[in-house]
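Build the full structure now, drawing on both the sequences and the hints.
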Amino acid sequence: MSGRGSSNSIIIVGGGASGVVLAAHLLKSANPDLRVTLIEKRPHFGQGIAYSTLLSAHVLNVSAAGMSAYADDPGNFWRWLQAGGLLGQDQTPLTPFYAPRSVYARYLKELLDDLETRERETGRLRLIREESLSISPTASGVEVTLANGTSVVAHLAVLATGHDEQPAQGHAVRMGSEADTALDPDSRVMVLGTGLSMVDAFLALEQRGHKGEIIAVSRRGLLPSPHRKGNPIKLDVADIPLGTQLSYFVGWFRDLIRENQKAGVDWRDVVDGLRPFNQKIWQNWPASAKRRFVEHTKAWWDIHRHRMAPEVHAEVSEAVRSGRIRLVAGRVVGIDAGERVSVDIQARHSQAIETVEVARIYDCSGIVRDISTSSNSVVRSLVDRGLARPDPLRIGLDVSANCEIIAADGAVSRKILAVGPLTRGTFFEIDAIPDIRVQCARLTRQLLG
Amino acid sequence: MLTKKGKYGLKALVHLAGMPAGQLAFVNDIATANTIPKKFLDAILGELRNAGFVQSRKGKDGGYRLARPADEIRVGHVVRVLDGPLAPIPCASRTQYQRCEDCNEATCQVRHLMLEVRQAIAEVLDQRSLAEMRDIGLDELPVATKIQA
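In order, the protein sequences belong to chains A and B. If you read the first sequence in the numbering used here, its first letter stands for residue 3, the second for the next number, and so on. If you read the second sequence in the numbering used here, its first letter stands for residue 1442, the second for the next number, and so on.
Each pair of labels, with its calculated beta carbon distance range: (1) A:353 to B:1557: 52 to 62 Å; (2) B:1544 to A:84: 38 to 48 Å; (3) A:300 to B:1569: 25 to 35 Å; (4) B:1487 to A:84: 49 to 59 Å; (5) B:1484 to A:299: 23 to 33 Å; (6) A:451 to B:1473: 48 to 58 Å; (7) A:386 to B:1476: 57 to 67 Å; (8) B:1541 to A:451: 43 to 53 Å; (9) B:1557 to A:451: 21 to 31 Å.
Here are the simulated lysine-lysine pairs, DSSO-like style, with alpha carbons at most 27 Å apart: (10) B:1499 to B:1446; (11) A:282 to B:1448; (12) A:282 to B:1446; (13) B:1479 to B:1501; (14) B:1479 to B:1499; (15) A:264 to A:236.
Every beta carbon over 10 Å from chain A, so not counted as near; a handful from chain B, in silico: (16) 1448; (17) 1539; (18) 1574.
Rather than coming from a laboratory, the hints here were simulated on the basis of the structure. Glycine residues also receive a C-beta, built at the ideal position from the N, C-alpha and C atoms.
So this is what it looks like as structure tokens:
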């Protein structure tokens, strides 16, 4: 890139999945002067929030063929599974396979171990297990201050801090956190959210031998759909209405699904056929369409787009049928917390208020409420000092199409960049490996040529 | 292929892009200035409103204006709304595909090349904004007239 100074030394803040995937792409370069420093506060690299679960029931929501860490080598994860004897005899790359997330964490760990071994003599990779506190631009690059009082310098820094760990709302607790103490197995619990995180919570409760009723509440009470083996339809950018108001686009998309269904095509193949264009569609929408999408359409989109393994869906559906899980479309309007927690829920359609007593509320709503209140000190301090600003919807940081963060005054940083979920205001669907690896490959070309 | 509908729609939008920001234009004025049949223009503007490119106000002082700044509206986006998927011939479209009666699509070299052409059309039209199209007019039209003369 013209105008950018030397970019041979790069600090990646965050050593979860997106940080490791970026490091792996950078280190494919033959440049002997390259220096990559990966900083992670957790004891293990490559896990983040998403892949730190040890529960075998917590499987990936994307089939193995889509989970390679490398954009240009989609079979990488598949071959690793095969080499490790982790696939059944009859598994082919074409049969969907949803690996446990702990297995995926191991894949990323081994990938990083291999890189570390390979780069030991070159000195191109350095791993630091410490929390990063802040990033500051300096005359020659950037300085990252660490919680142990030291700091690291480089030409530029890339934020790969992943999903924001916002504190649980009100009286709710996060599944697996310290506040998530032992429960009476027959007690009733409430889950805020009915999406994939709720499903994870249900599976974890099952594992613990919990038997009580689970009341799952969200605005619409919608459960994500199951995957099915299919063939995404082929679309070209010339077919897709861009830059229109949201209602126009949604009308077009519904018609497209209807026409395809008439021809015997599963709706999933239409939703998946749109995937290569999702970022482009998002980026071309006027601000009003983006806002409306997040407010009104995203819940509907998510359950069709972000699906779960068929086996998991069958288990959850059975739990709904048997009354183990009760899905409620509504919102929590009051909480009275004592020994037990009494919750008032207002139903979405009838507006009727129902009061239920539960032993615990789990927060699985999974939505970034406001990035400027992020629990991540690096992100917060960048926003506080005006070096970064939230995107217009405040779901991430405002970044350029080249992943450079944008300051409060609109200046585009040449030294601080971001990848992964933090960039969703600009890239929309950038939570999953298939999208993150493409972003990392592009950023690598941009930085190292 | 750009239909009359697409062409008229673009002319109307360029007309609106030339108005002072926020000011409404009468449908009659747009029709007269660009020699577009008034009824056809009504229908076209209605579709552009549904897609969110223009806003309208009813009544005696009513009219149309752009819903967004002219540099934020891409020409290709408008053409897709008025004429459907960008395609030089009907067999070179995925969503509005129409098989040609008289040839075999698998072996038709014309179709193959036209699929490439549609990508090129999208690239050109999606790069250009209404503001750019409006400004082309001012600088280059006199030159074109001179050459003709």
